[in-house]
Amino acid sequence: MAIVPPALFSPPLPLRFEWDEANQLQHFYFLPEPLHDRLLALTHTANFALAIGAAEWIAARFQGFGLPTEARAFLDAAWADLVPGWHCLRYYPPDDDWRGPVNGPMAMAMAILLEAMQGREDNPELADRAVWMDNLARHVIEPLQPYDQWFEATVSRLLAHHSWAVEGRPVPGLFDDDFPQGGPVPPEALMPDLPYDPGQAQPLLERHVNRQRRDGNPFVLDDQEWQ
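Heads up: the sequence shown at position 55 corresponds to 55 in the numbering used here, and the numbers run straight through without jumps.
Treat each hint with caution, since some may be false.
Pair by pair, the computed Cβ-Cβ distance ranges are [what the hints assert, rightly or not]:
| # | residue 1 | residue 2 | range |
| --- | --- | --- | --- |
| 1 | 65 | 215 | 19 to 29 Å |
| 2 | 164 | 203 | 16 to 26 Å |
| 3 | 65 | 165 | 33 to 43 Å |
| 4 | 2 | 202 | 16 to 26 Å |
| 5 | 222 | 1 | 23 to 33 Å |
| 6 | 170 | 23 | 34 to 44 Å |
| 7 | 66 | 218 | 30 to 40 Å |
| 8 | 203 | 16 | 23 to 33 Å |
| 9 | 6 | 32 | 22 to 32 Å |
| 10 | 197 | 34 | 28 to 38 Å |
| 11 | 148 | 20 | 22 to 32 Å |
| 12 | 152 | 26 | 23 to 33 Å |
FYI, nobody ran anything at the bench for these hints, they're computed from the structure.
Every residue gets a Cβ at the ideal spot worked out from N, C-alpha and C, and that includes glycine.
Using the sequences and the hints given, assemble the complete structure.
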C-alpha cells in the first residue's frame, strides 16, 4: 500500500495554479499560525515524516506529466535519514533542468526536504518544514479534498503516537552532540487506512530502507559511502 492511493490523479487534471519561477517562495514560505502551533506538538521525526508524505502527494499530482525519475527515487530514499547506518544522498536538482510548473514545484519540494535533513543536525524546529510542504502541496494539488482528508487523518495519528507529550521530550545536555529528534516513524504511519502499531516503527522503517537499497536506489547510502 502507498501513502497516496494509486491512480488517484489519473487522468491528471490540467495545471491551473500559478508558478512564478522568479518568486517561488511566495507559494509556500509562510507559517499559518493554527497549523504551525499544532505541528509544534509533534516530534521532529514526525514532522520530517509528514513533510515526506506531503511531498509524495506533490509527486503523485505530477506523475502524469513526465516527472523525472530522480524525484521518485529521492522521496523513497529520504526515509534513510531516519535509520542509523543509512543516509539519503544530498541531491540538488540542476536549476536549468528543473523549471516550469511540474519540475519547478517538485524541485522545491525536494529542496524543502533537503533543508529539513540539514536542519535535523542543527536542531531547528522541523514543524516549519512540514508547514512549508503542506503550503506547497495545497498550492499545486487538484482536487484538494483527498489530500485534505489524508493530511487531517495523518496528523491526528501522529499526534496520538508521535507527539512530544506521548513520547516525552528529553532535555539535551549542555555538551551533547545530538539533539532529541523523537522515536522512529515509518511510511506506514502515514497510511491512515492501514492499522499501525508504533511498537513496530523501527523494523518497518528498516524494512523500507533495506528494500530501497536492495532495489538499487542510488540515493540510499551506507555509512562508508556517506563519508
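So which of those numbered hints doesn't the model satisfy? Structure breaks hints 7, 8.
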